[in-house]
Amino acid sequence: MKPMRAADSLDTSTNRAPALILARGLSKTYITASGEVTALKSLDFEIYDGEFVSVIGQSGCGKSTLLKVLAGLLPCTTGSVELGGKPLRGPTPEAAVVFQSPVLLPWRTLVDNVLLPIEFRKLPTASYRQSAADLLAMVGLTDFAQRYPFELSGGMQQRAALVRALVQDPRLLLMDEPFGALDAMTREQMNLELLRIWSQSRKTVIFITHSIAEAIFLSDRVIAMTARPGTIADVITIDLPRLRALSSINTERFGRYAAKLRSLLDAQGGMF
Amino acid sequence: MMVQAVDSRSVDSGAQAREPRPGVLRRYPQFTISPTILVALLVAWWLATDVLNTPGYIVPPPQDVLRAAVGGLSRSPWDKAGYWYHAAITVWEAVLGFAIGSALGACLGLVLSHWPILGKSWYPYIVGFQSLPKVALAPLMVVWFGFGLEGKVFITAIITFFPVLVNMMAGYQAVEPERIELARSCNASELDLLTKIIIPSCKKALA
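Residue numbers (my numbering), protein chains in the order written: chain A, 355 to 626; chain B, 41 to 247.
These aren't lab readings, by the way, just hints derived from the structure by calculation. Quick caveat: nothing in here was measured; it's all calculated off a predicted structure. Using N, Cα and C, we set each Cβ at its ideal position, and we do this for glycine too. One should not assume that every hint holds.
To be verified - Heads up, incomplete: computed chain A residues facing chain B, CB under 8 Å, no partners named:
(1) A425
(2) L427
(3) V451
(4) V457
(5) W461
(6) P471
(7) R475
Chain A on its own, in the form it takes in the complex (with noise of 0.2 Å):
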């Protein structure tokens, strides 16, 4: 277990495809009524195609905020951030966001609510529908395409946000705390679901959360973040082999990683 810095990082990467995601010296500064808040600092990284990338830390680290800079609904205060090898300016089809909640809209049928990114981006509707069954189909949730949000269960309704994001068919997954408000039971399926999904569809996929066995369980790296400023403590490569089972948590390797990052956030004063 070789903890990955940054830096390090950086000097591995002329052997590799170019970065899916550059990231340097990007800072974010609130202006607020009582003074400027910090919640990103220097921040320096890169995210690889095809890799699963969690970020943790405590609350009010700014893991959110790096989402919404990365997901082009904020723009950075410095440094730059470069998607594709294009400097990210505003929102873009090759990114979808899955939010803490569903944000499923309640007048409309779920697979409405699945093309809906479609009609926001003032395309065909009706050559994004068999898309949208087969991804439907894929979380299993055919039966429910014309039902209403209020009729499914937290977990269907959040598998649905997951298909409304990648109806786009976009390159990067960003997923902001998105089984957080689920039971403990549904989110490890949910944990399954997701490990599956994206084995099959290669995206790119870069996870807030604040469960650190989440994270491990997920990731190819997890990136641990300090509070207030925000910025990389540690990027960790969790180097377990791919097909993991709920049984992999219980596994010495994961626990040495877990331990680690718990020695990371601790450091931070943390809540852990």
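Take the given structure of chain A and dock chain B to it, following the hints.
Using the frame of chain A, we list chain B on its own:
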């Protein structure tokens, strides 16, 4: 005490001596005492006009009022001397004023919410104007518009305008910020944001 008595009766029915059932006056005052009050008031009214012999233009006796009401209601809606004709005009004024007032209120509410700087700068005046009793404007309306349709439509519009405006702004505030972020993350146009997210989200606040 009453509640206890009722409870014990329902638990062991008839085991104890029952409290006497309250009389019909106590049980249904709205069907017994209230009509009696009405009759008493009508009699007092009649006595006041008959005994004191007050002239009809000061206080008309109840039987004259009844005759006029029956006469007014029994005419056809196209008869200008009847009530229906004038009631139709009043309804039309109310509907027109309501439609104009609520449409303007909803539109302005959207504008003031969408550009917060506008909303914040106008809000004190909106609240101030809303707390003004609109009836106090009635004499002004008569001066500006005369006794015709316009003045009545105008005052109805003003009365409906403010509640709709304030509810629209409250509804806009209540739209989940994540719904707006979802739309923004998909490069939604301002028009799509308005028609597909904000207006449907606000419908509950306006209904």
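Checklist entry - Which earlier hints turn out false for this structure, listed by number in ascending order? => result Hint check: nothing fails, all pass.
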